[in-house]
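Peer 1: Taking the hints into account, I'd like the entire structure generated from these sequences.
Top to bottom, those sequences are chains L and A. Under this note's numbering, the residue at position 38 of the first sequence is numbered 51, and the numbers go up by one with no gaps. Under this note's numbering, the residue at position 249 of the second sequence is numbered 414, and the numbers go up by one with no gaps.
Keep in mind the hints are simulated off the structure, nothing from the lab. Any given hint could turn out to be false.
To be verified - Rough simulated footprint, nothing fancy, chain L against chain A, three-plus residues with beta-carbon under 8 Å:
id: 1; region: 311–324
id: 2; region: 344–351
id: 3; region: 463–470
As the list claims (entries may be wrong) - Now the in silico label distances, taken between C-beta atoms and shown as ranges:
id: 4; chain 1: A; residue 1: Ala481; chain 2: L; residue 2: Pro237; range: 42 to 52 Å
id: 5; chain 1: L; residue 1: Asn248; chain 2: A; residue 2: Glu385; range: 55 to 65 Å
id: 6; chain 1: A; residue 1: Ala353; chain 2: L; residue 2: Leu201; range: 36 to 46 Å
id: 7; chain 1: L; residue 1: Gly197; chain 2: A; residue 2: Glu415; range: 47 to 57 Å
id: 8; chain 1: L; residue 1: Leu118; chain 2: A; residue 2: Leu370; range: 14 to 24 Å
id: 9; chain 1: L; residue 1: Pro254; chain 2: A; residue 2: Val237; range: 51 to 61 Å
id: 10; chain 1: A; residue 1: Glu409; chain 2: L; residue 2: Arg125; range: 38 to 48 Å
id: 11; chain 1: A; residue 1: Leu341; chain 2: L; residue 2: Ser174; range: 29 to 39 Å
Just so it is clear, CB atoms sit at the ideal spot from N, CA and C, and this is done for glycine as well.
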Amino acid sequence: MTTADGRKIRTIIVDDEDLARQVLREFLSAHPEIDVVAECANGFEAVKAATELKPDLVFLDIQMPKLDGFEVLELLGSGMAVIFVTAYDTFAIRAFEVHAVDYLLKPIGAPRFEAALERAKERLSGKLPSTPLPAMDLAAAARPPQQYLDRIPVRDGASVSIIPVSKLDYAEAQDDYVALASQGKKHLKQQTISSLEAALDPSRFLRIHRSYIVNLERVARIEPYGKDSFVAVLNTGAQIPVSRAGHARLRAFLDR
Amino acid sequence: MHPILAQLRRLLFYLLGWIPLAGMLAYLLAVPGGLTWIEATAVAFPLCLLYAFVCLAAWYPCLATPLERSSVPRFLFTHGVGAVVASALWLLAARTLGRMLAGFEGFAGLDSRLSGDLPLLFGTGVLLYLLAVGFHYVLLAVEASRQAEARLLQASLLARDAELRALKAQVNPHFLFNSLNSISALTASDPAKAREMCVLLGDFLRRTLGLGEKPAIPLEEEISLIHAFLAVEKIRYGDRLKMEETIDREALSAEVPPLLLQPLVENAVAHGIANLVGGGWIRLAAGRHDGLLDITIENQFDPEAPPRRRSGVGLANVRQRLEARYGNHASFSASATGDRFRVAISLPADTTAAQASAPQDSKERVS
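Peer 2: See below:
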């Protein structure tokens, strides 16, 4: 059995431990329809390999160097079937919230592995609905509940950069993307500004305009701009429009 | 319940305390008051016995007017009114007593003579009541400090509990799951190595068994436990894991609480080495200086690594255990500089069982 168009199932194995990859490789070797196109030992490699090789199926460890499994998935979107592999059962709920095909616990048994692979094949051949999620929902779901982001991974082609939220000056909505201004550069990320706003700590970041979120620590002053509108001047020199509602929110925050 | 009425013994002591007061009252009634000594005594002692009980009532206004949380006007008003009311009651009792005694032979006319002393009695009553108020505040303070002591005892019991719980939870199950997964991988590719890892894992687990019951073990034993642990991790992480040790020979015999350092090394692997693509080192150093055992564990880590769950729990456990056992005779510090994480521990270097009693001469240190 193969994918819908009859080619082999292109598969990537991501785990920082060589022996853990070895188990999966061994189990997969019994399936000729599976083509293991890459093995990755950390999150950066995984994003790079998945971007370049466009796999159908990814076995993804969660705790890894550079990027954890959830961050990798957030950057890649939901175009492929993902099976999480980890020693921790505590991530299971989050894993299914981001629509993982399955969640394998280490040590992995052969019957359980076969069941997971079967599910992945069903998902790939279209029998199981994959319910592709917009990337923004994925990002929101991938975040642990009751916890604000402290870093934002951003993908530019096959390479990844990480923006600590303390280094984020402001975010600007651009169609389906947000532009994240940090240390003099702008990074584009496929996400809506509302989902980004929900993920950021509201005591540090404020939505001052329909299209802008600002890091409050960066605001140097607010200046009037034309008739009843304002601009926020950041200490980087950038000027950001402030809507009337945004100005009220800013006032409420500053008066607190 | 009133603390004095709660125990018969306390009540007896309290009433004994009133005997000199009754004597003083008799003196006041006899010398400035103009009664005969017999009359004064016959009036003073029953009156004081009665007033002793009236003054116990001061407990309730004192309880309702705590010194540290009441305004001065409220304080003065409450106790002023209390004193006037109590003293007025006392006067009433004195007059009744005077009238009753006047009927007896030798006491004729006592009631009229006594009524001249009523202002004196009133003043004394107010003063005695205020004395009782002071006495009750002292009682409240004693009670509060006794409760604080009980809480302190409770807290140290809780700390002891925390230590036991920490010991039981020490061997991280995820270390086991990951090790078993590695063994599973090796069974196909390298059966001999798989067997070796089984033996190493068994060795480590056997050493941890029963350690929880011992109050302390020599540092040498703790270090050999760490070696058993790292031997297993070394198979998982391969060249990524490098361990360096600088241990003074005389430090080896010093006693440490069991499984004190192993969680720190485990942390160094899980939060340091595991996040480094190219791996890194862990450095363990131990030495003895001035009756203290100094241990440092340093490791490399990636400051930009994805945030991990449960980070800091292991460190907090170790800190709490040291605090519960040695108080301020031990110190603990954890700090990150650049890509290095460093934990430094210092504890009394006992070569016999290291118990709660730390050497008197050891320097006080703030952790």
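Peer 1: Against this structure, judge whether each hint is valid.
Peer 2: Taking the hints in turn, this is what the structure says about them:
1. 311–324: Since three or more residues must qualify, the claim that chain L covers the region 311–324 of chain A is violated, with 0 doing so at under 8 Å.
2. 344–351: As far as the region 344–351 of chain A goes, the hint holds, because 7 residues have Cβ atoms under 8 Å from chain L.
3. 463–470: Result for this restraint: holds, n = 3.
4. Ala481/A - Pro237/L: 42 to 52 Å: The hinted range 42 to 52 Å holds for Ala481/A and Pro237/L, with Cβ atoms some 50 Å apart.
5. Asn248/L - Glu385/A: 55 to 65 Å: Holds, at about 57 Å.
6. Ala353/A - Leu201/L: 36 to 46 Å: Taking Cβ atoms as reference, Ala353/A and Leu201/L lie about 45 Å apart, which means the hint holds.
7. Gly197/L - Glu415/A: 47 to 57 Å: Given about 56 Å between the Cβ atoms, the range holds.
8. Leu118/L - Leu370/A: 14 to 24 Å: Hint holds: Cβ distance 20 Å, inside 14 to 24 Å.
9. Pro254/L - Val237/A: 51 to 61 Å: 58 Å, holds
10. Glu409/A - Arg125/L: 38 to 48 Å: The hint (38 to 48 Å, Cβ to Cβ) holds, given that Glu409/A and Arg125/L are roughly 40 Å apart.
11. Leu341/A - Ser174/L: 29 to 39 Å: Given a distance of about 36 Å, which is inside 29 to 39 Å, the answer is holds.
The structure is inconsistent with hint 1 alone, although it conforms to all the rest.
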